[in-house]
Amino acid sequence: DVKVTQSSRYLVKRTGEKVFLECVQDMDHENMFWYRQDPGLGLRLIYFSYDVKMKEKGDIPEGYSVSREKKERFSLILESASTNQTSMYLCASSSGGDGYQETQYFGPGTRLLVL
Amino acid sequence: AQSVTQLGSHVSVSEGALVLLRCNYSSSVPPYLFWYVQYPNQGLQLLLKYTSAATLVKGINGFEAEFKKSETSFHLTKPSAHMSDAAEYFCAVKGTYKYIFGTGTRLKVLA
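Sequences listed follow chains A and B, in order. If you number the first sequence the way our numbering does, the last residue is 115 and the count never jumps. If you number the second sequence the way our numbering does, the last residue is 111 and the count never jumps.
I should point out that these hints are in silico values taken from the structure, not numbers from a laboratory.
DMTMM-like, lysine to aspartate or glutamate: derived pairs with alpha carbons at most 25 Å apart: (1) K53(A) to E30(A); (2) K98(B) to E22(A); (3) K98(B) to D28(A).
Work the whole structure out from these sequences, hints included.
If you want it as structure tokens, here you go:
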């Protein structure tokens with residue numbers, strides 16, 4: 001079974017803090033994704049990566065950056081956390097080998113509260 | 001541009017009743033469509049996916065979905081709801097790299 005793990009389930013941070021959210025997948029997947037999930041808005045793509053050291057902006061990249069130094073690990077960074085970044089953050093990965101048919105596998109999510 | 005629209009942010013059904021969750025898509029190319037389920041405080045789990053092999057797609061937990069090109073729809077159904085089906089359901093369409101998700105439908109099952 002594919003396993004996607006996220007470093008924290010719940011996180012509380014102060015405004016202005018630098019926040020790191022870590023995601024690790026164990027299936028040698030090429031593609032990794034970070035989403036945020038807010039009530040009524042569904043999942044919105046922040047960044048994705050289709051290869052090591054490669055990254056692409058998603059729909060809402062402002063205020064975020066990412067790092068992918070190793071294939072299995074994809075980190076989301078909030079340079080200076082703000083209250084409007086309070087949300088559920090979901091990491092996902094996909095193989096990249098099945099083209100349009102490929103499935104995304106999701107981690108359990110990190111619920112971030114910025115005070 | 002591709003998109004999906006889920007009609008009804010909340011749906012309530014009685015236990016044992018038919019479940020119908022609606023999803024309409026917009027795509028200029030043949031779409032690849034997915035349904036995911038999210039149980040409370042968990043990530044998303046794949047229920048089923050349409051890959052053009054068959055218009056009626058069977059998934060896990062007794063769910064199925066029918067692709068109707070003429071109606072640009074991919075509605076999710078289950079003949080008989082169970083209490084354990086209470087969750088949020090997301091329809092998604094796949095682009096080159098990106099997946100576009102609907103806003104979700106929260107299913108409530110009444111005893």
